[in-house]
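These protein sequence lines are chains L and Z, in that order. One rule links them: number in the numbering used here = place in the first sequence (from 1) + 31. One rule links them: number in the numbering used here = place in the second sequence (from 1) + 31.
Take these hints with a grain of salt, some might be off.
Said to hold, decoys possible - Footprint (simulated), chain Z over chain L, 3 or more residues, beta carbon under 8 Å:
| # | stretch |
| --- | --- |
| 1 | 152-161 |
| 2 | 167-176 |
Claimed, not checked - Computed spacing ranges between beta-carbons, pair by pair:
| # | chain 1 | residue 1 | chain 2 | residue 2 | range |
| --- | --- | --- | --- | --- | --- |
| 3 | L | Thr-130 | Z | Ala-52 | 18 to 24 Å |
| 4 | L | Thr-33 | Z | Glu-230 | 41 to 47 Å |
| 5 | L | Thr-271 | Z | Thr-231 | 36 to 42 Å |
| 6 | Z | Glu-230 | L | Asp-253 | 40 to 46 Å |
| 7 | L | Asp-110 | Z | Ala-84 | 40 to 46 Å |
| 8 | Z | Pro-155 | L | Asp-253 | 29 to 35 Å |
| 9 | L | Arg-85 | Z | Asp-311 | 56 to 62 Å |
| 10 | Z | Ala-107 | L | Asp-253 | 28 to 34 Å |
| 11 | Z | Ala-84 | L | Thr-130 | 32 to 38 Å |
| 12 | Z | Thr-271 | L | Asn-132 | 53 to 59 Å |
Said to hold, decoys possible - Chain Z residues, not near chain L, derived (Cβ > 10 Å throughout):
| # | residue |
| --- | --- |
| 13 | Thr-130 |
| 14 | His-134 |
| 15 | Ala-171 |
| 16 | Asp-179 |
| 17 | Asp-260 |
| 18 | Ala-335 |
No lab work stands behind these hints: they were computed from the structure. Just so it is clear, CB atoms sit at the ideal spot from N, CA and C, and this is done for glycine as well.
Each chain, written out:
Protein chains: 2
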Amino acid sequence: MTNLIIGAAGMIGRKLAESLAGQPMLLADVVPPPTLPGATTLTLNLTDPATPARLLAHKPQTIYYLAAIVSGEAEADFDKGYAVNLDATRALLEEIRHTPNYHPKLIFASSAAVMGRPFPASIPDDFHTVPLTSYGTQKAIAELLINDYSRRGFIDGVSLRLPTICIRPGLPNRAASSFFSNILREPLAGQPANLPVPETTRHWFASPRAAIGFFRHAAQMDTAPLGTDRALSVPGLSATVADQLAALSRAAGPAALKLITRNPDPTVEKIVMGWALGYDATRARKLGFVADRDFDEIIAAHLADTR
Amino acid sequence: MTNLIIGAAGMIGRKLAESLAGQPMLLADVVPPPTLPGATTLTLNLTDPATPARLLAHKPQTIYYLAAIVSGEAEADFDKGYAVNLDATRALLEEIRHTPNYHPKLIFASSAAVMGRPFPASIPDDFHTVPLTSYGTQKAIAELLINDYSRRGFIDGVSLRLPTICIRPGLPNRAASSFFSNILREPLAGQPANLPVPETTRHWFASPRAAIGFFRHAAQMDTAPLGTDRALSVPGLSATVADQLAALSRAAGPAALKLITRNPDPTVEKIVMGWALGYDATRARKLGFVADRDFDEIIAAHLADTR
């Protein structure tokens, strides 16, 4: 067993699994993971005390840790957020530590939410981690644990602080950030979408393809240059809504723009105004992580992937 | 019950308790705490599941949390460090959260060890927390929890990142930093001491009196200006060994300097070279925390306190 993907039924987990198809892998999630050639699946709850041993039974050499209770739910259910995002992560790290002759690579999906306002316009790699949510707190704690377990020689860990993923496939959801995907995905499919914020709104993006690339690059990279700081802000694309819409118009014609309504949502606007505009990501760039070039590329990849 | 001191038998805990003598307080530690007027004592193990309820039985309004497995021991005993410095702290926070109508002030003894090399000469308040020890990791995680529990309204928390305490009373110990105290305390008492590093070595200090002042100030201050970042690097005194020795000579005469041997210890020197030279402590200064003025003041206070 070479690869383990924890959270394999999620949007990134599924695409990551598909990109590894043919390699031996164990796909685990709380809902049934996809069925793929060469893959074994496990449906289990991360908070079950038996879970870590089941996940590690065949000593996977590379562990992709993508499972999490997302921001809104971790804020609404304090106990569940800590149980899954902190305790289950730590339980897996402990099981690794107690497994003889075992020193896996562990790639952890962290988040820009480990940082909090006030932000500089471009956030440096060494910006302090003062999260504004319980989710961000749990991710920041997991990063610290991964640093310490790596320093002590129990794992070879990397934490990737991911940008907002855009264009998310599937249906619109209720996340405050979902409109960034909706305003492209829906008009590209001939469907309407609403833009709740001004076109000048700037944000920090990575396509699903770029995100998969980050995980695969982290899995094969030499981690020695990371030293004791295993958390990387990966490079994203800093773009405004106007940049998104211009690319949409180039890809699908000006008629696509007419599918977008503009009903402002002050609640969403306030949330989005609190988010970071962009990260330096200097360390990750030097280590070979590559961002999307522009929204034309992101739209072309989305169309190719959903065709 | 107004005050609870966890770690009341330690050097700072004992002095803090003495400074509060006459006020109602509960003094707790793993070894018997001092007996003081108005104080109740509890001798217990922080990792005992019954401990949080025993500590909070009378809903102390102010909790001073000083207990910890120190750096060297937390590095040598991974499980013990995490059990005491992380799990026991979190268990107390959880017990507070589940106690109805209870919102105590909690002053947590954190450490400059939450940060790690490479350092700028003067470390800003927002320097990132990449600890180089398991102890530093555990303190950084506790800071994150205290931020989140404060933000959620369960506690009113403050974490104080303390400088090296000097002059430590009592006997020389085996901590790498102990010579900073030994070279003053021992000659002041007519005893010899060894200096294992060059006189040019610079470090970041607070006297026991200053440390007690930090805790007492934090207990009465308005925490609203802290916002979501409840961790403060408190102001210290940046001084070289030469500064220490000049003050010793002024206080006890040049003969006191003759009691100091100069046998270099490359191991100690290497450890000390990795430590920070000083912190800006801008936020804490603005909030009214006051550092020691110089080593003349520190020596005078030590002599007054030990007379």
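For each hint, the structure was consulted:
1. For the stretch 152-161 of chain L, the assignment as covered by chain Z holds, since 5 residues bring a beta-carbon within under 8 Å of that chain's beta-carbons and 3 suffice.
2. Look at the stretch 167-176 of chain L against chain Z: 5 of its residues bring a Cβ nearer than 8 Å to a Cβ of that chain, three or more, so the hint holds.
3. Taking the beta carbon of each, L/Thr-130 and Z/Ala-52 are about 52 Å apart, not inside 18 to 24 Å as hinted.
4. Restraint check, L/Thr-33 to Z/Glu-230: a C-beta distance of roughly 56 Å breaks the suggested window 41 to 47 Å.
5. The hinted range of 36 to 42 Å is not satisfied by L/Thr-271 and Z/Thr-231, whose Cβ atoms lie roughly 53 Å apart.
6. A beta carbon spacing of about 41 Å between Z/Glu-230 and L/Asp-253 agrees with the range 40 to 46 Å that was offered as a hint.
7. Between L/Asp-110 and Z/Ala-84 the Cβ separation comes to about 18 Å, which falls outside the hinted range of 40 to 46 Å.
8. About 31 Å separates the C-beta atoms of Z/Pro-155 and L/Asp-253, a value consistent with the hinted range of 29 to 35 Å.
9. Checked against the hint of 56 to 62 Å, the C-beta distance between L/Arg-85 and Z/Asp-311 comes to roughly 49 Å, which is inconsistent with it.
10. Separation of Z/Ala-107 from L/Asp-253 is about 30 Å and conforms to the stated range, judged on CB atoms against 28 to 34 Å.
11. In this structure the hint that Z/Ala-84 and L/Thr-130 lie 32 to 38 Å apart at CB holds, the actual value being about 35 Å.
12. Roughly 48 Å separates the CB atoms of Z/Thr-271 and L/Asn-132, a value that falls outside the hinted 53 to 59 Å.
13. Residue placement check: Z/Thr-130 keeps its beta carbon more than 10 Å from all beta carbons of chain L (closest about 15 Å).
14. Every CB of chain L lies more than 10 Å from the CB of Z/His-134, the least distance being 16 Å, so the non-interface label holds.
15. Here Z/Ala-171 does not stay apart from chain L, with its beta-carbon only about 5 Å from theirs, under the 10 Å limit.
16. Non-interface status of Z/Asp-179 relative to chain L is broken: a Cβ of that chain comes within 10 Å, the nearest being about 4 Å off.
17. Non-interface status of Z/Asp-260 relative to chain L is broken: a Cβ of that chain comes within 10 Å, the nearest being about 5 Å off.
18. The Cβ of Z/Ala-335 sits about 39 Å from the closest Cβ of chain L, beyond the 10 Å cut-off, so the non-interface label holds.
The earlier numbered hints that this structure contradicts are 3, 4, 5, 7, 9, 12, 15, 16 and 17.
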